[in-house]
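Counting from 1 along the sequence shown, just add 115 to a position and that's the residue number in my numbering.
Since the hints were made in silico from the structure, they are not lab data. Note that beta-carbon positions come from the ideal geometry of N, C-alpha and C, so glycine has one too. No false leads were mixed into what you were given.
For each label pair, taking beta carbons as the anchor points, the in silico distance ranges come out as:
no.	residue 1	residue 2	range
1	E125	T150	17 to 23 Å
2	R133	G183	31 to 37 Å
3	D134	P176	43 to 49 Å
4	T184	A118	16 to 22 Å
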Amino acid sequence: LAAGLMRAAEVLRVERLRDPARRPLLVVVTDGRATHGEDPARAAALLADVASVVVDCESGPVRLGLAGTLGERLGGEVVRLEELGADSLAGVVRDVRKVA
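All chains should be modelled from the sequences, with the hints used to inform the complete structure.
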């Protein structure tokens, strides 16, 4: 998770150099669990100024709420996977882009 967030930060950094007027939107689909590597919170700090949506795909009887915590650290919208269909995800993305 942290490696993916750090890679996203690097890609967005390069894209901002290419086109400073571009307004990026980061969509992360995760259960929030760090299975390998660094702490995702540290990586999220690199993306705090990017509009974001975290789709929480955590399932099962024990839910840790880690994707929600990640969404808070990113300063983004958090949506549970079971609440989403293709149309509603597109709607969330449109709403976040309007605010960003």
